[in-house]
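Student: Sequence:
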Amino acid sequence: MRILALSDRVVELLYGPGLVRSIGPVDLIIGCGDLPPAYLEYIVTQYNAPLLFVPGNHDADELHVPGGESIDGRVVTVGGVRIAGLGGSRRYKAEGRHQYTESQMMGRIAWLGPHLVLPRLRTGRGVDVLVTHAPPLHIHDAPDLTHTGF
Numbered sequence: 049m050r051i052l053a054l055s056d057r058v059v060e061l062l063y064g065p066g067l068v069r070s071i072g073p074v075d076l077i078i079g080c081g082d083l084p085p086a087y088l089e090y091i092v093t094q095y096n097a098p099l100l101f102v103p104g105n106h107d108a109d110e111l112h113v114p115g116g117e118s119i120d121g122r123v124v125t126v127g128g129v130r131i132a133g134l135g136g137s138r139r140y141k142a143e144g145r146h147q148y149t150e151s152q153m154m155g156r157i158a159w160l161g162p163h164l165v166l167p168r169l170r171t172g173r174g175v176d177v178l179v180t181h182a183p184p185l186h187i188h189d190a191p192d193l194t195h196t197g198f
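Quick note on numbering: the sequence shown equals residues 49 to 198 in this note's numbering.
It should be emphasised that the hints constitute simulated quantities derived from the structure, not laboratory data.
Hints are not guaranteed to be accurate.
Claimed, not checked - Derived CB-CB ranges, DEER-like:
| no. | residue 1 | residue 2 | range |
| --- | --- | --- | --- |
| 1 | Leu166 | Gly127 | 20 to 30 angstroms |
| 2 | Met154 | Ile71 | 14 to 24 angstroms |
| 3 | Leu67 | Glu150 | 37 to 47 angstroms |
| 4 | Asp176 | Met154 | 14 to 24 angstroms |
| 5 | Val165 | Val59 | 29 to 39 angstroms |
| 6 | Val68 | Val165 | 37 to 47 angstroms |
| 7 | Arg145 | Thr171 | 32 to 42 angstroms |
| 8 | His163 | Pro184 | 30 to 40 angstroms |
| 9 | Leu67 | Ala142 | 32 to 42 angstroms |
| 10 | Gly172 | Tyr140 | 21 to 31 angstroms |
| 11 | Gly115 | His163 | 20 to 30 angstroms |
| 12 | Gly66 | Gly127 | 35 to 45 angstroms |
| 13 | Asn96 | Gly174 | 35 to 45 angstroms |
Ideal Cβ positions, reconstructed from N, Cα and C, are used throughout, including at glycine.
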């Protein structure tokens with residue numbers, strides 16, 4: 049499966065008629081947060097491929113992208129590939145959308161846990177792809193709390 053994964057920045061190269069020609073065919077588009085819905089919608093229409101996404105810390109409370117499906121806190125299967133999603137970032141404001149403390153994120157992971165573990169126990173196969181907005185802790189962390197993983 050060929051996946052086009054996008055996050056945080058609008059890439060001007062992806063706007064225009066040469067998009068499919070320059071990137072090649074894709075089977076699935078994954079949005080990892082903080083991208084304008086119109087940008088994602090444009091890419092979906094150019095590829096006619098399904099879009100799965102998680103919210104970033106700058107996204108609206110209810111993100112809607114025509115042709116897209118939020119997988120935040122869910123596990124889905126596309127083309128035989130099991131994909132889990134956890135959006136958001138570390139909390140850095142008292143009132144911030146899609147921002148979580150370490151314990152809040154652990155709670156979200158615990159809620160998702162049965163969807164991750166039970167299929168593995170039944171079939172020997174867990175999740176193939178984990179889509180997040182924030183990276184795992186110590187992977188490309190920046191010195192500020194906003195850009196530190198969980």
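Student: Each hint needs a verdict: does it hold in this structure or not?
Tutor: Hint-by-hint comparison with the structure:
Remark: the range hint 20 to 30 angstroms for Leu166 to Gly127 is upheld by a beta-carbon distance near 21 angstroms. A C-beta distance of roughly 36 angstroms is found between Met154 and Ile71, which places it outside the suggested range of 14 to 24 angstroms. At about 39 angstroms, the CB distance of Leu67 to Glu150 agrees with the hint of 37 to 47 angstroms. For the pair Asp176 and Met154, the supplied restraint of 14 to 24 angstroms holds, since their beta-carbon distance comes to about 23 angstroms.
Range check, Val165 to Val59: about 36 angstroms between beta-carbon atoms, so the 29 to 39 angstroms window is met. Under the hint 37 to 47 angstroms, the C-beta atoms of Val68 and Val165, about 38 angstroms apart, fit the expected range. In this structure, Arg145 and Thr171 meet the distance hint of 32 to 42 angstroms, their C-beta atoms being roughly 36 angstroms apart. In this structure the supplied range 30 to 40 angstroms is violated for His163 paired with Pro184, their Cβ-Cβ distance being about 19 angstroms.
Between Leu67 and Ala142 the beta carbons are some 40 angstroms apart, a value that agrees with the proposed interval 32 to 42 angstroms. At about 39 angstroms, the beta-carbon gap between Gly172 and Tyr140 misses the expected band of 21 to 31 angstroms. Restraint check, Gly115 to His163: a C-beta distance of roughly 24 angstroms satisfies the suggested window 20 to 30 angstroms. At roughly 26 angstroms, the beta-carbon separation of Gly66 and Gly127 lies outside the given 35 to 45 angstroms, and the hint is violated.
Between Asn96 and Gly174 the Cβ separation comes to about 30 angstroms, which falls outside the hinted range of 35 to 45 angstroms.
Hint compliance for this structure: hints 2, 8, 10, 12, 13 are broken, all remaining hints hold.
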